[in-house]
Structure formats: C-alpha cells, structure tokens
Amino acid sequence: MIDLALVLEWVIKSLVVIFMLLGGFAYLTWFERRILARMQTRVGPNRAGWQGLLQPVADAVKLVFKEELIPARADKVIFVLAPILTVVPATVLAVVIPFGTQVILFGRQVNLAVADINVGILFLMAVASVAVYGIVLAGWSSNNKFALMGGMRSTAQMISYELALGLSFVLVALMADSLQLSEIVEAQRTMWFVVLQPVGAIVFLIVTLAEVNRAPFDMPEAEQELAAGFHSEYSGMKFALFFMAEYQKMIVISIIAVTLFFGGYLGPFIGRFPWLGPVYVLGKVVALLFGMVWIRATLPRIRYDRLMDLGWKVLLPLVLGLVLITATGILLADEFGNSLVWSIPVVSILAGFLTVGLVDRSLRRKFNALR
Amino acid sequence: MTAEQIIQQILFFISAALTLGSAVMVVATRKLIQAALWLIVSLFGVAVLYALLDASFLVVVQVVVYIGAIAILFIFAVMLTQRDQRDKGPQLNKSWVLAALVGLATFGGLTFLVSSWTGFGAAAAPIPAGTVDMVADLGTALVSVDQYVLPFEVASVLLLAALIGAIYVAYNRK
Chain A
1 MIDLALVLEW
11 VIKSLVVIFM
21 LLGGFAYLTW
31 FERRILARMQ
41 TRVGPNRAGW
51 QGLLQPVADA
61 VKLVFKEELI
71 PARADKVIFV
81 LAPILTVVPA
91 TVLAVVIPFG
101 TQVILFGRQV
111 NLAVADINVG
121 ILFLMAVASV
131 AVYGIVLAGW
141 SSNNKFALMG
151 GMRSTAQMIS
161 YELALGLSFV
171 LVALMADSLQ
181 LSEIVEAQRT
191 MWFVVLQPVG
201 AIVFLIVTLA
211 EVNRAPFDMP
221 EAEQELAAGF
231 HSEYSGMKFA
241 LFFMAEYQKM
251 IVISIIAVTL
261 FFGGYLGPFI
271 GRFPWLGPVY
281 VLGKVVALLF
291 GMVWIRATLP
301 RIRYDRLMDL
311 GWKVLLPLVL
321 GLVLITATGI
331 LLADEFGNSL
341 VWSIPVVSIL
351 AGFLTVGLVD
361 RSLRRKFNAL
371 R
Chain B
1 MTAEQIIQQI
11 LFFISAALTL
21 GSAVMVVATR
31 KLIQAALWLI
41 VSLFGVAVLY
51 ALLDASFLVV
61 VQVVVYIGAI
71 AILFIFAVML
81 TQRDQRDKGP
91 QLNKSWVLAA
101 LVGLATFGGL
111 TFLVSSWTGF
121 GAAAAPIPAG
131 TVDMVADLGT
141 ALVSVDQYVL
151 PFEVASVLLL
161 AALIGAIYVA
171 YNRK
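These protein sequence lines are chains A and B, in that order.
The first sequence: position 48 = 48 (our numbering), numbered continuously.
The second sequence: position 33 = 33 (our numbering), numbered continuously.
Worth flagging that the hints you see were computed from the coordinates, not collected in a lab.
Predicted model, so just to flag it, every value in this text is computed and none were measured.
The hints are all genuine.
Below are the DSBU-like pairs computed for lysine-lysine, each with C-alpha atoms no more than 35 Å apart in a straight line:
| hint | chain 1 | residue 1 | chain 2 | residue 2 |
| --- | --- | --- | --- | --- |
| 1 | A | K313 | A | K145 |
| 2 | A | K66 | B | K31 |
| 3 | A | K66 | A | K13 |
| 4 | B | K94 | B | K31 |
| 5 | B | K88 | A | K76 |
| 6 | A | K313 | A | K366 |
| 7 | A | K145 | A | K66 |
| 8 | A | K66 | A | K76 |
| 9 | A | K145 | A | K62 |
| 10 | A | K76 | B | K31 |
| 11 | B | K88 | B | K31 |
| 12 | A | K62 | A | K13 |
| 13 | B | K88 | A | K145 |
| 14 | B | K31 | A | K145 |
| 15 | A | K76 | A | K62 |
One chain only, chain A, in its complex shape (with noise of 0.2 Å):
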C-alpha cells in the first residue's frame, strides 16, 4: 500500500534538494566572484547589500527582464528544449546522494537521502551521460557555427572524459564492495578512500573539472576561439538556465567527490548527532568549490589537442592501471591479512609518479625537437 505521508516525505525532500541547488547556485557566483577577485588583488562585487550579498538576486532580476532572442533559422522546437535537457541532469544528479544518516522528524525515521537506490554510482553515470544532450543540440539548433563547434568540442571532451570518470568509479565501488552510495559512505567508517586511493581521487577530481567544463577545461566555451560556444545564440533565462547548470554540476560534482573519497556526510560525534551530516557535507564541499575556483584562477586554458591526448593516452591507461592495482591489493589483503590493503596506496602512488615521469619525458621531447 502506498504510503501518503511517504509520498508526502519524497516531495519534500526533493524541494529541499531543488532549493539547496538553486541557492547554491545563486551564491557560488557571488563566493567565486569574490574569490576570484581576491586573487586577482581586485575587490569584486560589494555593493547590493553587505558584501555584495544581494548581487545574485541582481543578477537574476537582470536576466529575467532581458529580451529573448531566438535567431530566425533555428530549429525552434530544440533550441527550446536544450537549456531544459542540460538543467535536470545537472538537478536529478543530487537525488542518489545521502547526505546523512536518520534522523528523527516529526516523529518520523527520516533517510536524509531523496533516493538511496541499490546502483547509485551507475545511475550517476547514467545521468552524466544524458547531460551532454543540451549542449549538443544547444550548439546545433543555434544554426551558428561558432556554437555548432562548442557543442562538438564539448561532445568529444565530455564522451571522452566519461571513460575515465567511469573507471574511476569502479575504484571506489571495489573498495566498498557495493553501488550504492550509503553504503560507499558506510564503508568509509574506518578511513576515507583517499587515503586508501590517492592516485584515483586526484584522476576523478580531474575528469570531474573536464566533465563540468570548468577551467582549464573550458574549451567547449572558450571566449576568444568561439564567441563563447554553444550558448552565443542564447540570451536571458535560457542563458542563465545554461549558467545554473554549470554551477550546479559544480555543486553536484563536488558532493560527489566528496561521497565517494572524502568520507561524505561522516565526520566527528556523527553517531551522536546525526544532523551533523548535512553539515560535513557542506563544509566538504566548500572547500572542493574552493579548490576549483583556485584552479580557475590559476591555471590558462589547455590546448584542444592537448585536451583529447590528457583524456585517452594519460588519465585512461593510468585509471586502468589502478583499478588492475586495486583489484590486486583486494585480493591480497583476503588472502594473506589485511595490512596488505596498503599494498593499493604505495603502488598507485608510484604509477601516478611513473605516469607524470612519462608525460614529462615526453614534453621535453617535443620540446627539444623544436628547438
């Protein structure tokens, strides 16, 4: 029988983690603005309010009083539906992730997770996948070429990089044993799986930067080659529909990052009080957000050719490595005693050290043979 107050549960759940996204939307604009500027020894937006803290509600005042334009011989139908198909990913990505144990609300054992299914990490994959439609048909049904070449360039890294996000993930479901991601959490009881998987969380946080488009990725959208790529054509709310899904897979992404490797909603006195959970997350993720707006402001933009070669010939074989290493280590530790679980660490350790050794030998290569 199907339960009201259940369904009644769900629905609120699922608002609340529509409304975590979009406020974390609205301020991870203001928080990378801000951060940006500061590293650029410039002050950034202060003036809406204290700090600049009502700059996002400006900002999308702005963008909703904009005229739309739709150019004459676009496919219509498409153009419409690609700013859509690019924000419910970004959006139903967030459902599988538990973001701490029960809690007791209302008299009611609440999951604080909207869905805890059995194959977590693969409906992850599975969703990602569908997240490069909008940018594809966004690029196409603009009937620009600058536009239909981001959505290529973006199609390519995405399909290319997804290899070995996916492998990536295999990683951490050998360690834990399982798919689904409470349990992945659960298992990282002990010690979080970047301790045990150094090499691999560094991989994924890499392919995640490359999978949300996010600097030194940003190809799909490089301003000076393409005129801003597959959103030129795209101006107020359908603009900004493309701008919310970028931040909120940043978000998204880095939650996931933070389940899989960096212990999730686990933390000190959780057992205690499990409303903490939510509060880990947070202040994990924060910091990854941090991490990747650093990156934004450190690093230039990597060359396209030089982007596709990272994907296939570096990060591919050397995830593969470790998941060979992996599978290994675990078999190791079940036959002859579990210190050799330590096995995984050291010997990926020294396959990344092998990998950067051999990406470097073979800069100094080309180098040379220029000069």
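With chain A fixed as given, assemble chain B onto it according to the hints.
Using the frame of chain A, we list chain B on its own:
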C-alpha cells in the same frame, strides 16, 4: 488489485505507449535529427519498462549504453553531415503490404505463444525486499563457470577485436 498494482499498470501503459508511439515517430518524421531524438524517447521508455520490472541494473545500463553512447553517436553523425536533412521522397515503398502482414503475423504468433504459457495474466510476485542483492547476483552469474562466463568472455573478446580493428583502420602510419 491493490492501489500499487493499479499505479504500476497505469505506468506500464503510459511507458508502453510512449515507447511505441515514439518508435513510430522515428520512421515517420522527415527530419533526421528529430528521428534521432524520438529514438532517444523510445529507448527511455524501454528503460522505464525495466524499472517497472525492478531490474535497476538494466535501467541504468540501458540509459548509459543506448542513450548515453549509441544515440549520442547518431546525433554526432547527423551534426557532421549537411545542414538540411529533410527527406523529400515517399516514405513507403511497394512492399509495405507484405511487410505489414509479416509484422502482424509475428505479433499474433508471439501473442498466441505467450498466452498459452501458464503464467500469462498472473500478477508478478513481489521480490522480497532486502533478501537478495540482485546486482551482486548478476555479477557472480557473469563470472561463475557454470553460468554465463563463456558468453561474457566471448562478448568481451569481440569488443576488444572491434577496438583493435577501429584503431587499425584509423591509424595514420607516418
């Protein structure tokens, strides 16, 4: 019939209509890119059918493989070809009557076969919650010797051969 079963029935009919209707649109529409998009809707309907059968692993694999990989390749190919891909020729050829007859006969035969099965029309027994880990069972079934290890390995060797073949064809020997 409980309320849950009724809702499941309704969902089944909606997703079945969605799958079939968009499959018809794939062949009926004249624009190539819209055909590709209708195909995605149809594949999505199949994913919903898997979800109704509690096959969660198949749902996500359907989305990852068909929608996330194969259909995106279609769209990629369409985008790389010419701009105006309206198909202007007739959409049916002479043998459509024969094709419709064969289709109807196949459908009728399958319906007859399934209706002679004893479980036809019975409600599916619910899977007891928490007793079986279906994903783990599927995983062990794929690698255990007395189950599906041979087809699994043959398929992976086939894919590897396709990969090597693609690299050989694309490799530019300087």
